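Assemble the whole structure, with the sequences as input and the hints as a guide.
Residue numbers (full-length UniProt numbering), protein chains in the order written: chain A, 1 to 238; chain B, 1 to 238.
Calculated from the structure, these hints are not laboratory results. Since the model is a prediction, treat every value here as computed from it, not as a measurement. Fair warning: there could be bad hints in the mix.
No copy is singled out in the list; a pair is fine if it fits within one copy or between any two copies.
Listed below are the simulated SDA-like cross-link pairs for lysine to any residue, each with C-alpha atoms no more than 25 Å apart in a straight line [unchecked claim]:
no., residue 1, residue 2
1, Lys227, Ala112
2, Lys227, Asp215
3, Lys227, Gly204
4, Lys227, Glu121
5, Lys227, Leu114
6, Lys227, Asp14
7, Lys227, Arg45
8, Lys227, Arg137
9, Lys227, Leu154
10, Lys227, Thr216
11, Lys227, Thr120
12, Lys227, Gly75
13, Lys227, Gly115
14, Lys227, Ala116
15, Lys227, Arg113
16, Lys227, Leu190
17, Lys227, Glu157
18, Lys227, Arg160
19, Lys227, Ala136
20, Lys227, Gln88
21, Lys227, Ala158
22, Lys227, Glu198
23, Lys227, Val57
24, Lys227, Met1
25, Lys227, Arg183
26, Lys227, Ser42
2 protein chains.
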Amino acid sequence: MTGTLYGIGLGPGDPELLTLKAHRILQTVPVIAYPAPDGAPSLARSIAAPHLPGGQVELPIGLCMAVERAPGQGGYDAAAPEIAAHLQAGRDVAVLCEGDPFFYGSFLHLFARLGADFATEIVPGVSSVMAAAACARRPLVVRNDRFAVLPATLPDEALRAGIEAAESVAILKLGRHFARVKRLIAEMGLTNGALYAERVTQAGEQVRPLAETGDTAPYFALILLYKGREPAILGHDR
Amino acid sequence: MTGTLYGIGLGPGDPELLTLKAHRILQTVPVIAYPAPDGAPSLARSIAAPHLPGGQVELPIGLCMAVERAPGQGGYDAAAPEIAAHLQAGRDVAVLCEGDPFFYGSFLHLFARLGADFATEIVPGVSSVMAAAACARRPLVVRNDRFAVLPATLPDEALRAGIEAAESVAILKLGRHFARVKRLIAEMGLTNGALYAERVTQAGEQVRPLAETGDTAPYFALILLYKGREPAILGHDR
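Rendered as structure tokens:
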């Protein structure tokens, strides 16, 4: 009997926003793996830490986060056979994933390498998009609203088209694209009512109007756009 | 001291997909409220049931789910002052919400009526969109993908524009719009690779190719569109 590969969604950062299912698996799984960028502390590992009983085998996945075409692929190439060896020996392996494993998650790199050969189970998690709206106390979408999630890494034209085709929008992966995206939002007349969120549900959480931000933002920050919708809720169609 | 109004995201249906935070609050809160459509069993109540210690005051919110302009508003009009009375007496009230409270959630109707007058905390939950992708073992979005969530209640033109402006799409609230939306997807040449999901993570879960469905679907079913993306993951841009 080979082991099961788990992709565990850990949620947005607060260890209490793990699901009961993720918690149960972390309490019993003999091997955990997690991204450990550039030797820096692993955010995924730190979210899971209060839930680990100790004594597990740990496989940090070394990632080079420098700006390049396909960062970190070497890390996954090295980790995949290590994980496969544990699975082949009958040991379950839990891969720790910030947010949700299938929503821009780095788990995809391991799923692509191992998903065809081993039993795999995905445990969905709370996305930072939903957590940001909760922290901001601003409902994301209601009634017939269309919702779009757009990576800031896209060129202006693709971002503009995506923003135009939705009532509410989350823009992720800001990092070095922040100033450009902010300018685009201003050109579209949508700065009013837009929110900036960073480290939601974690220490150092920041949620504030986009108009009150500077020109830099970390990669794991996001913008929520509300296109002039009134906060009052009057009903919903079926 | 007035009480706190909690909007509790319960996740997609499996009681084990509650967060630890939702579980803690349900274990201690003196009053719970939940939608109870047309006297039918409340799905939200049934997801929370294994986590309730018993002895709480329960406020079912009667909703008329018939097709009308603003269904159920009378239920919220009646429930809001009842909830307000508990809050004013210093008792916390947890409103049980399927999925995430701010993502097309009916909690919005209570938030609009009470959010300005009482301390409110939103506990985000796992969305059925992420859960459907997990059950289907099909990653939702990777790298620079744009993601759109569209209610099936929209007219064809708005749906088409939303689908065109994204790489992956979730279409919610199918119900009586299912046959029309299926036809639109076929016209756009996107039936291949599209998935249908119903009751994800619940008893009776169904996930199958859209091509293998009939012409009816319940309201709480969804379609996932993958616009020709290859499943292999090659890297991600920063």
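How the hints compare with the structure:
no.	hint	verdict
1	Lys227 <-> Ala112	between (37 Å within a copy, 18 Å between copies)
2	Lys227 <-> Asp215	within (22 Å within a copy, 34 Å between copies)
3	Lys227 <-> Gly204	neither (28 Å within a copy, 38 Å between copies)
4	Lys227 <-> Glu121	between (37 Å within a copy, 24 Å between copies)
5	Lys227 <-> Leu114	between (41 Å within a copy, 23 Å between copies)
6	Lys227 <-> Asp14	neither (29 Å within a copy, 34 Å between copies)
7	Lys227 <-> Arg45	neither (36 Å within a copy, 33 Å between copies)
8	Lys227 <-> Arg137	within (16 Å within a copy, 33 Å between copies)
9	Lys227 <-> Leu154	both (20 Å within a copy, 17 Å between copies)
10	Lys227 <-> Thr216	within (23 Å within a copy, 33 Å between copies)
11	Lys227 <-> Thr120	between (40 Å within a copy, 24 Å between copies)
12	Lys227 <-> Gly75	neither (40 Å within a copy, 29 Å between copies)
13	Lys227 <-> Gly115	between (40 Å within a copy, 21 Å between copies)
14	Lys227 <-> Ala116	between (42 Å within a copy, 21 Å between copies)
15	Lys227 <-> Arg113	between (40 Å within a copy, 22 Å between copies)
16	Lys227 <-> Leu190	within (7 Å within a copy, 29 Å between copies)
17	Lys227 <-> Glu157	both (18 Å within a copy, 19 Å between copies)
18	Lys227 <-> Arg160	both (13 Å within a copy, 20 Å between copies)
19	Lys227 <-> Ala136	within (16 Å within a copy, 32 Å between copies)
20	Lys227 <-> Gln88	neither (51 Å within a copy, 34 Å between copies)
21	Lys227 <-> Ala158	both (18 Å within a copy, 16 Å between copies)
22	Lys227 <-> Glu198	within (21 Å within a copy, 31 Å between copies)
23	Lys227 <-> Val57	neither (48 Å within a copy, 39 Å between copies)
24	Lys227 <-> Met1	neither (53 Å within a copy, 36 Å between copies)
25	Lys227 <-> Arg183	within (16 Å within a copy, 30 Å between copies)
26	Lys227 <-> Ser42	neither (36 Å within a copy, 33 Å between copies)
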